[in-house]
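2 protein chains.
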Amino acid sequence: MDELDSAIVRELQRDARQSNRDIARKVGVAPSTCLERTRLLRERGVIRGYHADIAPAALNRGVQALVSVQVRPLSRAVIDAFKAFAHGLPEVTAVFVMAGNDDFVIHVGAQDNEHLHAFLVDRLSQRKEIVGFRTSIIFQHLAKHDPAPLPGT
Amino acid sequence: MDELDSAIVRELQRDARQSNRDIARKVGVAPSTCLERTRLLRERGVIRGYHADIAPAALNRGVQALVSVQVRPLSRAVIDAFKAFAHGLPEVTAVFVMAGNDDFVIHVGAQDNEHLHAFLVDRLSQRKEIVGFRTSIIFQHLAKHDPAPLPGT
DNA sequence: GATGTCACCGAACGTTGTTCGGCAGAGCGT
DNA sequence: ACGCTCTGCCGAACAACGTTCGGTGACATC
Chain A
1 MDELDSAIVR
11 ELQRDARQSN
21 RDIARKVGVA
31 PSTCLERTRL
41 LRERGVIRGY
51 HADIAPAALN
61 RGVQALVSVQ
71 VRPLSRAVID
81 AFKAFAHGLP
91 EVTAVFVMAG
101 NDDFVIHVGA
111 QDNEHLHAFL
121 VDRLSQRKEI
131 VGFRTSIIFQ
141 HLAKHDPAPL
151 PGT
Chain B
1 MDELDSAIVR
11 ELQRDARQSN
21 RDIARKVGVA
31 PSTCLERTRL
41 LRERGVIRGY
51 HADIAPAALN
61 RGVQALVSVQ
71 VRPLSRAVID
81 AFKAFAHGLP
91 EVTAVFVMAG
101 NDDFVIHVGA
111 QDNEHLHAFL
121 VDRLSQRKEI
131 VGFRTSIIFQ
141 HLAKHDPAPL
151 PGT
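Top to bottom, those sequences are chains A and B.
Heads up, the first sequence is in full-length UniProt numbering, so the first residue is 1 and it goes up one at a time.
Heads up, the second sequence is in full-length UniProt numbering, so the first residue is 1 and it goes up one at a time.
No lab work stands behind these hints, which were simulated from the structure alone.
Be aware that a few hints might be false.
Any copy, or any two copies together, can satisfy a pair, since identical chains are not distinguished.
As the list claims (entries may be wrong) - With a straight-line Cα cutoff of 25 Å, these simulated SDA-like cross-link-like pairs (lysine to any residue) come out:
#1 Lys144 with Arg10
#2 Lys144 with Asp122
#3 Lys144 with Ala99
#4 Lys83 with Gln70
#5 Lys144 with Phe82
#6 Lys144 with Ala81
#7 Lys128 with His87
#8 Lys128 with His141
#9 Lys144 with Glu129
#10 Lys26 with Asp53
#11 Lys26 with Leu40
#12 Lys144 with Ala55
#13 Lys83 with Ala148
#14 Lys144 with Arg14
#15 Lys144 with Ala24
#16 Lys83 with Ala143
#17 Lys83 with Ile130
#18 Lys144 with Arg42
#19 Lys128 with Ala77
#20 Lys26 with Asp146
#21 Lys144 with Ala77
With the hints as constraints, model all of the structure from the sequences given.
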């Protein structure tokens, strides 16, 4: 993970669909070198994938929420089961397994408030391991798609 | 946003770096048609960008947390200012503006617990508009990078 | 039934991805 | 110092690709 790798990663974070030649030119190496570096970054698991960022409304997810969930008992079996359940629901776009008051925070998207409510009542609250959950509507979601590497120690 | 558009979007969510010809073959149209559709999806704002998904540890973000923040007064000026402030911090990877008890939830990544603590104490708690915040460590973060479109009404 | 419109196709051309042989420099043991 | 190996990089070559453009068929309108 030297300076060249970082520069390639930065470019791919910024725009994952630009050509290898463009990236090579920007970071100052030959296309073949850049391609090999990219392949290695992928192989080493530094690059986990390339994904299009889609407007939520286009996927019928105009309303988004964060749902904090507490489950009991706090056994591995229950936690893993709920995690898999939540991740499998189509409305769920992310599952956070947490330390602290809440055991999970799940990021949910639905067409409108009505569908969100239906999801909470019909899907989520059916699970018997849930002892409580709290839903907060998201007004805005500023995501940083190209987070810079933090300085090491 | 017909069936063909959805299929193209699905492929680009799954792997944004596959060739236009591959996508065209998978969705069953000519490459030129696929390219034109993709261009229009981009132009209409359905596709917002293409980004590489990078392992947090490679960016010195081995420890992640969600921080719930309350600010006062709840004026537009204060909200916008804090939002811009939070989004500008390098440790912050996402800012959620919320309805409910918390005004913001910010997604933070740091090298380790010590750096996370330093961030909270030195950066966040400096802001005078903050009247309280609560930090929860993230154990796991299962993200769905290819959320399916939800059925419309 | 003639006309206009629209989405799609397929061919063509310049550009790109990908592979491979070779070269230069670093590190190392003698 | 010398030769050796290893590693990372380069540049050329060929197959594959992106991108443009004229043409074609389907469909709606009048």
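Exercise. Going back to the hint list, which numbers does this structure go against?
Worked result: Structure breaks no hint.
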